[in-house]
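*Asks:* Below, each chain spelled out in residue letters.
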Amino acid sequence: MLRQVGSRLLRLVPVLFLITLLTTAMVDLMPGSPALAMLGDQATPEQVARLNEQLGLDRPFHVRYWDWLTAALGGDLGTSLRMGLPVTTAIAQRFPVTLEIAVLSVVLALLVAVPLALVAGARADGRLDRTATALSSALLSLPGFAAAVLLIYLLAVRARLFPVGGWVPFTEDPIGNLRSAVLPALSLALMEAAVYFRLLRGDVIRTLQEKFVLSARARGLPPGYVLFRHVLRPSLFSLTTVAGLSMGRLLGGAVIVESLFALPGIGFLAIQSVPFQDIPAIQGIVVVVAVTYVLVNIAVDVGYSVIDPRIRAR
Amino acid sequence: MSRSPRRGLRATAVAVATTLVLAACGGSGGASAGPVDAQPARGGTLTMAIGIPARSFDPAEDATISSAGDATRLAAVFDHLFISDPVTGEAVPHIGESIEPSEDGRVWTLKIRPGVTFSDGTPYDAEAVRFTYQHYVDVGFSPEARTIATWDMAVLDPLTLQITTPEPNMHLDKLIAQSLPFIVSPTAMRADPEGFSANPVGAGPYLLTEWVRDSHEIYTANPDYWQEGKPYLEQVRIDLVPEAGQRVNAIASGQADVQPPTADADLALFAEAEAMGLTVHRQDQNGGGWIYFNNQRPPFDDVRARRAIYLSIDRQQLAEIMQGSPDARAAAGLFEPDSPFHEPDLTLPAVDRARAQELFDELAAEGKPVDFVFVNISGNDVNTRAAQFIQSQLRDMRNVSMRIDNIDVTAARERVFLRRDYDMSPYPGAYRYPDPDPGLVNLLGSTGSFNTTGYANAEVDAALLAARSTTDVAERAASYRAVQERFLADLPGMFTFTPTLTTIMSDDVTGLRYTSRGLIRWDEIGFRPDA
Amino acid sequence: MSSVMQPAPPTGSAAETPPTASRAARRGAKLPLWVGIGWIAGLALVALLADVLPIAGYDEVVGAPMQGPQLTGEPLGTDAIGRSVLSRIVYGARASMAVGLTAAVLGLVVGGFLGLLAGYFRGVVEATIDILAEVVQAFPPLLFLIALAAALRPSLASLTLALAALIIPSFARMTKGSVVAQSSREFVLAARAMGASHWRIMFREILPNALMSIVAFSVVVMALLIVIEGSLSFLGFGMPMPYPSWGGMVAEAKDRIASHPSLTFIPAFFLFMTVYALNTVGDHLRRRFDVEQSQL
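If you read the sequences in order, they're chains V, U and P. Numbering of the first sequence is given in this note's numbering, commencing with residue 1 and proceeding in unit increments. Numbering of the second sequence is given in this note's numbering, commencing with residue 315 and proceeding in unit increments. Numbering of the third sequence is given in this note's numbering, commencing with residue 846 and proceeding in unit increments.
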């Protein structure tokens, strides 16, 4: 077990090395330079050259990468070219926003999917089941950007239930914070809910036919109790796994949703940094997102292998 | 200040945050002001929805002076040395009391109003102006830095600065008012040169009190502001809303009160905003949507190729499609009818597709087919529609073909502005000049900072210089007539729509005034007493 | 949308659909399946025949801009430039399908091959391929695509390549899972015992058995790719202009959803239906071929 975690963590080293190298290379290949992003349309070649020199961008590729790498190993991700802020500070400011949206969308999705899946699975092929299943297929086919456009139009512009965008920090106004987080979280939650629903519904149908459930029923236990106690519990783990994986993805920052709603999260930082060719910021985001992704995956895998025997044994 | 929602909000929007610096800049122009029908009440928090995130509060680092970007924020913190009149382009005294040329136009004397102090208590004086302009040169970001580098600046007394220029220029005041209005506190800048861009010290009506990057800033009224009784508002909040449609939504739903005046916007959105009961303020300007032809390489080094493109396109239709509204108007000439330099007989060529085809055939017969690349800057809907419409108009013509390369703004600067590796490419926004100096000089002069076309004509250069060395309107008009005649013969670039400086705001806002660049006069704006 | 960027669990993982689902459920599931097959077949036909259909060119201005759907004239109306929405939908279908199919096939071939190697040889080969896969998968996907799109010259080919690169790891992992499961089965062990060469075992014994599940997976991946292409076009980094893309059409029309809703809803509907159809067909195939999901 520990060995497995150890080897996965060890693998993170080459993965991070390759990812950061690849990022530097890609940004390097992009036409233009950060100097041009700062200097505007009327820059002269001399101005560009001078600024590139000031920014240290005139040095060869491998020197720049090596400098970044050695600094990064010491915990210094550099200074954003666009913002003039330490990258770690910038990311630390954005991460809570992305985290909140991710948690909220997973929670929203679970709140909808779990009860619906239990009821639908308990009466497989019932009217509710068929409606919910069809709906889940539909939600799975609705691209997130289209969902967000429609939600803004219907719930913010037409119904005025939520703000059309913007972010209110929790510390400033908890209720305003929640209001500004709902629509973006909902845009992301629709598809997650459909995934969770399908997963749990399948589990429920399968579990309901297992012997221990049948015998529990035969003993005259109330159906609701059986559903929660004997059916939901064994399914919880696979659900947690999938929810964990979607957290890993969502923490990468939902680029479209964050820029659509003007949320100062990781995804928005990314989409602002790319056209500017803000290499330190891009590099920092990539590192943080990759580490988060890999760690979440390891956690999920480890958790799975811990609980797997019990699940098999059931 | 939040207010109750208004009826019938329409239009939604979605964001593409790649909008780096696509808003208007360049020349400028426009009306005296916005609606100022009531003296603002004191107090309240005004929220502005803006498209581009704040990057730096060091004015020397703002190379574009875009009203949709840093410059609008700088205006709150630094106020204006002179106000660049949006209609005439004249320099109107503000903190600067006067600015006068010597008879030959080589030596300018700039006087500062006494008693103005920066928010750190240090005096706003001639030395501060000199220090700031020298700082522009040291930073070297903006095109003005190159101009300042040629000046000789001397502080004659605490409130008087003398500027000597290498060439006569009777219109230097217009450049200073338009492009160099923001003066920093030398004390603060020297104390913390690194930190200044995040902790600016100026003499403006508001102080930057909170800055959350890529989200919003909060500005609080400056208690020691030099104008008694101003500013009106207690606080200003500037919220980043990258998407144009979302900005309208935000104002209509009461989340924001105003957006900065810009000239490149989608007229359809403004129509929607008016339908929602919002106030839309408009002012036509000299200039236009502008598309560069690369005059320095085939096919557009041949005037027939440039003319053939003009003749192929119904520019009225193009203007309507670019701005998404039948209200759009094609630019008829280089100056609007109310300009003293307007020449009714000098108009841009009208569509004549048969003649265009003859020209394309003629060029092809000479072995010079008009096959070209249109480098489009992604993320700007107006320009993207222009590119696709122009292409659609050429698709059925013979001996001409157009490819669109869609690239981001940074890549475009490298390719179009630095390497000149393009055939046609749009100026991002609308090129405006209330007075042709310095806007038109920069656009058409062979060494002009916006002369991306590479157009060089000795006659034009001479006429521009002649106009620059006099203040006599008739003499200037004669010179600019020559420029216009030459322009129509050579067609170095394509003017598309007539630019309109446009603002959307809730009807509770009053005292909207702005400069030729569309920079708000923060000392004037506030809420109606009855709001 | 980051939630759709990872091909992990968008639809129909084996666990989602119970093997013991009742007959009625299976019968009920048939209708969407036929709708899906019909939609894909119809769309493929239209996409193939786009050039001979009696419609305007996708870059041709046919009338005033932003006309709504008309009974006579343009059946689906015109866009902001005055081009036929119908022909842009049709050519958009061609673009979406061409890009999606090519990228999926590329991903399948390269990823499948890597997965086969990893699953068969294990050890260092597997570790190397796993690391490469993790590099791509741990990358924020849209950032990966946007940076790649900016670095490469924008064209259909670079778009397709970038999408394929994104999808290769999923195919590799999926194939590996399949192969690992097959490797311990009797016929493989028997072939090994008989001294068959590695290549023979891989391509003759293991691959044919794993192939159908990989193909089934690739149908779902195509749906995913069409969504990703749509997202990219939505952000302005997709199909080169003036070539139409449904995602790009939604993006172009989004500011006018109130005054001209059809401009947003028509391409959104086609995008939705196509993804739905591919998902449904893909799910069905995966159920039939009982795709091993645990490795995804």
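Read the hints as simulated data drawn from the structure, not as lab findings. Among the clues, some could well be false.
Claimed, not checked - Looking from chain U toward chain P, a few residues come up when the C-beta cut is under 10 Å (computed):
(1) Val562
(2) Ala582
(3) Gln610
(4) Arg795
(5) Glu799
Claimed, not checked - Per the computed footprint, the stretches of chain U lying under chain P, defined by three or more beta-carbons under 8 Å from a beta-carbon of chain P, are:
(6) 523 to 534
(7) 629 to 640
(8) 693 to 702
All values derive from a computational prediction rather than experimental measurement. Glycine included, every Cβ here is placed at the ideal spot set by N, Cα and C.
*Asks:* Next step is simple, just say for each hint if it's right about the structure.
*Replies:* A quick look at each hint next to the structure:
{"no.": "1", "hint": "Val562", "in the structure": "holds (9 Å)"}
{"no.": "2", "hint": "Ala582", "in the structure": "holds (7 Å)"}
{"no.": "3", "hint": "Gln610", "in the structure": "violated (23 Å)"}
{"no.": "4", "hint": "Arg795", "in the structure": "violated (36 Å)"}
{"no.": "5", "hint": "Glu799", "in the structure": "violated (33 Å)"}
{"no.": "6", "hint": "523 to 534", "in the structure": "violated (count 0)"}
{"no.": "7", "hint": "629 to 640", "in the structure": "holds (count 3)"}
{"no.": "8", "hint": "693 to 702", "in the structure": "holds (count 6)"}
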